[in-house]
Amino acid sequence: MSKKLVVALLAGIILLGVTLRFYRLGDNGLGFFRDEAALGFNAWSLLSTGADEYGQKFPIIFRSFEVFFLPAYVYLSVPIFFLFGPTVIAARALSAISGTLLILTSFLIAREFFKSKKVALISALMVAVSPWAIFYSQGAFEGNLALLAFSVGIYLWLRFTNTDEKKYFFFSLAFFVFSMYSYQAPRFVAPLFVGVSILSQKSWWKKWRLWIFGFFFALLLSLPQLSLTASPAGYHRAIGVSLFSRGETPPGYSSQLGDWQKLYLAPREFLSLYLHYFSPSNLFWQNDYNPQRRVEGYSVFYLWQLPLLLIGVWAFFKKKIKDAKYFLFWLALAPIPAALTADPFHTYRAILLFLPLTLLTALGFGQLLSLISKMKNLVILVSLVGILYSVFAYLFGLLELTPITRWRDWDYGYKEVSQFIKDQPSTLRVVIDDPNTESYIHLLFNQVIPISEYQEVASFKVGGEYYKNPDVLRPEKVGRFEFRSVDWPTERGDKETLFVFPSNRLYPSEFSGDPKLNLEKTVYSPSGEPAFYIIKTISKNSQ
Amino acid sequence: MAIWIIVTLLLTPWLWSLPIPKDLFRTNFREDVQEAKMNVTWKRGKVAPSDLTVFFLNWPREVVNQRLSVVMENLDLGNYFFAGHPRERVGVEERQKFFFFQFVLFIVGFASPHLNKYKKFLVVYSGLALLAVFIFEWRSFTQTLPLAVPFIVLMALGGRQIMTWQKKWRILFLSLAFLEVLAFGAFYIKGALR
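Read top to bottom, the protein sequences are chains D and W.
Heads up: the first sequence begins at 1 in this note's numbering, then just goes up one per residue.
Heads up: the second sequence begins at 1 in this note's numbering, then just goes up one per residue.
Derived from the structure by calculation, the hints contain no laboratory data.
Just so you know, these numbers come straight off a predicted model, no measurement behind them.
Here a beta-carbon is modelled for each residue, glycine too, at the ideal position from N, C-alpha and C.
Check each hint, because a few of them may be wrong.
Claimed, not checked - Straight-line alpha carbon distances no greater than 35 angstroms define the calculated DSBU-like cross-link-like pairs of lysine-lysine that follow:
{"no.": "1", "chain 1": "D", "residue 1": "Lys-319", "chain 2": "W", "residue 2": "Lys-117"}
{"no.": "2", "chain 1": "D", "residue 1": "Lys-477", "chain 2": "D", "residue 2": "Lys-461"}
{"no.": "3", "chain 1": "W", "residue 1": "Lys-43", "chain 2": "D", "residue 2": "Lys-322"}
{"no.": "4", "chain 1": "D", "residue 1": "Lys-325", "chain 2": "D", "residue 2": "Lys-422"}
{"no.": "5", "chain 1": "W", "residue 1": "Lys-119", "chain 2": "D", "residue 2": "Lys-322"}
{"no.": "6", "chain 1": "W", "residue 1": "Lys-43", "chain 2": "D", "residue 2": "Lys-415"}
{"no.": "7", "chain 1": "D", "residue 1": "Lys-322", "chain 2": "W", "residue 2": "Lys-117"}
{"no.": "8", "chain 1": "W", "residue 1": "Lys-167", "chain 2": "D", "residue 2": "Lys-422"}
{"no.": "9", "chain 1": "W", "residue 1": "Lys-117", "chain 2": "D", "residue 2": "Lys-118"}
{"no.": "10", "chain 1": "W", "residue 1": "Lys-117", "chain 2": "D", "residue 2": "Lys-325"}
{"no.": "11", "chain 1": "D", "residue 1": "Lys-115", "chain 2": "W", "residue 2": "Lys-46"}
Claimed, not checked - Now the stretches of chain D that chain W is said to cover, found in silico as 3 or more residues with beta-carbon under 8 angstroms:
{"no.": "12", "stretch": "267–277"}
{"no.": "13", "stretch": "319–327"}
Unchecked claim - Derived contacts from chain D toward chain W, CB cut-off under 7 angstroms, selection only:
{"no.": "14", "residue": "Trp-204"}
{"no.": "15", "residue": "Ala-393"}
{"no.": "16", "residue": "Phe-396"}
{"no.": "17", "residue": "Phe-420"}
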């Protein structure tokens, strides 16, 4: 295959990837989830005020609704917000860009691992059309940025082992450390990968100087993050979701048999969770346990990729791949952070796993083409038609069906609610019924609450505990806005108040027919059901 | 090899309750089609009308998907080696079929030099068994028993292979296996007595 042809095909694949990632990026019909709003708003807040929602100047780790999250996505989004302003597109653009660059990275990694331009091109195509890659590029997911950084780190690591040029080693470390500033999973996987990869080299101790320099280099880059390791901001997220920190006993525990059984049951549960990430049922069929990360009718891979994966595994072990061990380390380590949490199949925490699996399906496809070389052109034609159908069917599932069933899981409707509130008099008291008190972030993102006003109250509330205290330290009331659970029977008599209720929190019978209440607006969901009721209590003057 | 198969059979908890498969060859194809048609009508009613809908949302696709979901469920290794895990969300019956140490045997079985002799049988049998799962939608503890065959053969090959390991590794493996059987036995006997 000539170089020109490879470049042209790769450019075509990347263009396809761009289209699939940026198509309806700002309005995919699902809604705009609070975690996305948190990432986006904090970037906008940094740009406008130099501080985050709590008024914290340039934090090392951010916090929103008692969740600490790593800073790379927010800081890198600042220039995008500078260009586009506080829009959904600006919040999601970095993830879409990361997803696009991942196509190129997958090409480079596959070329290094499998030494085949054909397999490298197929890898790029597989990533470009992959359901998991499209899904995570269509939302503001910092894990997607982490995956890109980690993958570039892997590529540079392979360059280092293949050329023995030290610069690649240090660049590789820099990207691994960067991935650790982007998302939690690489904080566990990246150091392990580097450590195991070094120890697996023949006579690794002979290069001890390089490893020591590398260690201090990585340490230096990690210093800001390491300075917070001992504080809740550094460990709370990881510990909070861990399998071993939860209160309940492992499955199969019998209270009559004593605690010794945990020695058997806990590792078994971990292994069970670990295996979940290699289960064809999860990878090709069921998808994530969390409805927010599910696309109707699709899992992380297309079903037709299953036989390709099997062929790929077979080919992987059959061929003598020089860097196979690094591939296996990546594959084996990637699901560990996800398996250490108690959730059955968490595609986001295991995001580092899906690229090596995709590379295996590409290897399988390449192998299939070699096996049936006589009908190669026919197979390519049929495959392209099949892939095209799959992509359209997936987009149909993602953009048409999923909004109908998952709109509530995506916080659908806050944009419309915010717009309505903006059109009301600026003195009107607004109460949002929200037991989780997290809806404030949507009002901040949509410029309903002035940033400075929120920062003032929030910074007073959090005080000097920003990194230290993982408890709820955010205001339920800022100026005329309140975010809390509404006690409707007692509060319905409040004068001159705008109440916003998610439709599952209040029946229409609880407000219709009352002359003192006025249903100002119903925000409808993509399924046609009401998403929000906006009710105004009648003012004193109108009584 | 026969001895290894017998040993594996004896050590398999799946067989301890002497399960007898029922309703193996019964299909509800008409009912499935009816249900799929209703689902499609409901879904089509919700999405914006489009000529493309018919390609992506149709009853044959729904019927195939329903059956494929059962096949996928049976391909989940966790179903065989780990009972008690939260798989209730898909309504999978939670009963341990094999021990975890048998999972190691199963994996080692793939690396056995004797695998070639059984390769054709394993591929053809597994293919036919999965086809039967697709057609007859086997999912219960007893219905899926025919799927145990390839596992047993691979575990037997694995057991045979492990006996060629160095003594220290062999003893370690056997000790862990013994402890697992002991731990499981405590639960099992307790349950049986109850």
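Structure-based check of each hint:
Our distance criterion of 35 angstroms between C-alpha atoms is met by Lys-319/D and Lys-117/W, whose separation comes to about 22 angstroms. Restraint check for Lys-477/D and Lys-461/D: satisfied, since their Cα atoms lie roughly 11 angstroms apart, inside the 35 angstroms limit. Restraint check: the Cα-Cα separation between Lys-43/W and Lys-322/D comes to about 50 angstroms, which exceeds 35 angstroms; the hinted pair is violated. In summary, the hint linking Lys-325/D to Lys-422/D is not supported, as the alpha carbons are separated by about 57 angstroms, beyond the 35 angstroms threshold.
For the proposed pair Lys-119/W and Lys-322/D, the alpha carbon gap of about 27 angstroms is at most 35 angstroms, so the pair holds. With a C-alpha separation of about 26 angstroms, the suggested pairing of Lys-43/W with Lys-415/D holds against the 35 angstroms cut-off. Distance hint between Lys-322/D and Lys-117/W is fulfilled; the C-alpha atoms sit about 29 angstroms from each other, no more than 35 angstroms. A hinted pair counts as satisfied when its Cα atoms are at most 35 angstroms apart, and Lys-167/W with Lys-422/D does not qualify at roughly 76 angstroms.
About 34 angstroms separates the Cα atoms of Lys-117/W and Lys-118/D, which keeps this hinted pair within 35 angstroms; it holds. Distance hint between Lys-117/W and Lys-325/D is fulfilled; the C-alpha atoms sit about 29 angstroms from each other, no more than 35 angstroms. A threshold of 35 angstroms between alpha carbons decides the hint, and for Lys-115/D with Lys-46/W the separation of about 48 angstroms lies outside it, so the pair is violated. Note: the stretch 267–277 of chain D has 7 residues with beta-carbon separation from chain W under 8 angstroms; the three-residue rule is met and the coverage holds.
Counting residues of the stretch 319–327 of chain D whose C-beta lies closer than 8 angstroms to any C-beta of chain W gives 0; at least three are required, and the coverage claim is violated. Because the closest C-beta pair between Trp-204/D and chain W is about 24 angstroms apart, greater than 7 angstroms, the hint is violated. This hint holds: Ala-393/D has a C-beta 5 angstroms from the nearest C-beta of chain W, less than the 7 angstroms allowed. Interface restraint check: Phe-396/D against chain W, minimum CB-CB distance 4 angstroms, threshold 7 angstroms, status holds.
Interface restraint check for Phe-420/D: the shortest CB-CB distance to chain W comes to about 24 angstroms, outside 7 angstroms, so the restraint is violated.
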